[in-house]
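Protein chains in written order, with the working numbering: chain A, 2 to 312; chain B, 2 to 312.
Simulated from the structure, these hints should not be mistaken for laboratory data.
Note that identical chains are pooled: a pair holds if it fits in a single copy or bridges any two copies.
Simulated crosslink set (DSS-like; lysine-lysine; CA at most 27 Å straight-line):
hint: 1; residue 1: K209; residue 2: K115
hint: 2; residue 1: K19; residue 2: K238
hint: 3; residue 1: K238; residue 2: K6
hint: 4; residue 1: K168; residue 2: K249
hint: 5; residue 1: K118; residue 2: K168
hint: 6; residue 1: K221; residue 2: K249
hint: 7; residue 1: K238; residue 2: K187
hint: 8; residue 1: K19; residue 2: K46
hint: 9; residue 1: K187; residue 2: K249
hint: 10; residue 1: K21; residue 2: K6
hint: 11; residue 1: K168; residue 2: K187
hint: 12; residue 1: K249; residue 2: K209
Everything numeric in this text was worked out from a predicted model, so none of it was measured.
Number of protein chains: 2
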Amino acid sequence: MSLEKLSVNRAFGGELTKYKFKSEVLGGTFAQFNLFLPANAAYGKVPVLFYLSGLTCTEDNATQKGCFLGPAAQEGIALIFPDTSPRGAGIEGEADDWQFGVGAGFYVDATNPKFAKHYNMLSFVTRELPEVVQAAGVPIDFTRQSIFGHSMGGHGALTIYLNSVLKGTKVYRSASAFSPISNPTKCPWGERAFTGFLQGGIEEARDKYDATELIAKMSKEPLHILIDYGTGDNFYKQGQLLPENFLKVARDVGYDEVQVRVRSQEGYDHSYYFISTFGADHIHCMFFLPYLVTENDSPVPIKVHANFLKA
Amino acid sequence: MSLEKLSVNRAFGGELTKYKFKSEVLGGTFAQFNLFLPANAAYGKVPVLFYLSGLTCTEDNATQKGCFLGPAAQEGIALIFPDTSPRGAGIEGEADDWQFGVGAGFYVDATNPKFAKHYNMLSFVTRELPEVVQAAGVPIDFTRQSIFGHSMGGHGALTIYLNSVLKGTKVYRSASAFSPISNPTKCPWGERAFTGFLQGGIEEARDKYDATELIAKMSKEPLHILIDYGTGDNFYKQGQLLPENFLKVARDVGYDEVQVRVRSQEGYDHSYYFISTFGADHIHCMFFLPYLVTENDSPVPIKVHANFLKA
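So here's chain A without its partners, still in its complex pose (with noise of 0.2 Å):
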């Protein structure tokens, strides 16, 4: 489980790396990542976020076009990259649908047998990957980690997150996503994804990789998410997104919008042109100091930064 490191980019103050693993978990392939660290990373461990990538994307998209780096400098934190998929697996058909297999793993560990062995992205992103970091002595402190994402990456960041906490492992401190798929047993991207991966199909992903599904199980333990999407996002018209599904379910659980808080905004698509115009308010208000630093665990309201855009 060495590391190669394939580039460095010096940025904001501070570093983007690229490196190359064989991945147990995702079947012995290779896994590319990236991971940007902060300046001050030089004299501490410094907390981590992980953004997770949509359909279509490599570990390249977000630290390309995101515009993520200068606040995760300026908050002090890394961020780590994941690829969407394992590559190379070499399983037929795999890369014939953009919405299903190479590029888009879903972030589940597949049981249907054809696919068991390599797209595990749901054991990659949160036990293989930081345990390959931290094993390499990065200085990353995992108990202040949280997840972000896009999309399909959305729908993983939400699902992970909600599953750390039903769990009561609190891994995570907080999840937000952009246009996330928040409802996918119920659209046709999800239906694609769990027929394929899961030998239980839908009936399976319902209890572990479904975010409106987990929400509606909650009993108000303490939560801290922010949704944005556009209202001009072709998907969502579609309803592959159905981010009010979640919302619903979330209120009438008895969450209010300082625990999870869900944005509508005007005319916005899918594209990385709307997640960079959100993006630093996503990494400034999930990553305000005080909820990192402190052990404390109860709800802290989501600071929503002096924003231009809403001038």
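Since the structure of chain A is provided, determine the placement of chain B on it from the hints.
Quick look at chain B alone, frame taken from chain A:
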């Protein structure tokens, strides 16, 4: 010369639009460019900043990777991103070398008959493109324009600006550049470009297309220039950029760091990670409002914003 709208993305409260039109000065080929308009353009004309991209780039690299749109929205200015050469001219061998021809127009007007019909990026950027945008009724105030760029585009921005100052036309209020090709008659990139595009070769270029030669001709005309380059930039190390030549001549002529500021950035490379790190600086420094809204053309100190990177 009517504009065709290819796409629109909402971003940072404004809109990014990709346009296409048949360019006369590029020999009847179709030219694409991106235009960002901030929200305030709905209420009146706004100043504009042209961005000239580097070798191999199109109109998209900087819009996607530069992190410029947020700072432009904050300042309330428009951005225009032209392509780097004509496309589809059909000249033999024009796409054989990434350093010359397609994607590498060098912001000159070609005099070599082989290229003279199509390769006129200087006239395109300074004349045809502003005219087309103005004719389309886009709310831009072209009495308040400025120009910046990267590498080959930094060369373009500096030479276009310095020529406008030397001619007394005062078309541009300022110029800034990331890792510009600063003395192209003395580097391989410039030699290749000038011997290819210009009938008179390097001798013809010296008078018009070399920033270091141009600033040597100044007689203390007020200037407003900012340059950043990275000490880890391989092209800098190879002697393709030579910002030190430009700086030396600028100081010899008598320009101080208020009028010509050249900053060496430790460890940064030639990539958009470098550009995006200092992009906000360039936009805020060169476009602070007092400079643009007054008709005062006397030199104004470059206001370097409080920058967390320097702390």
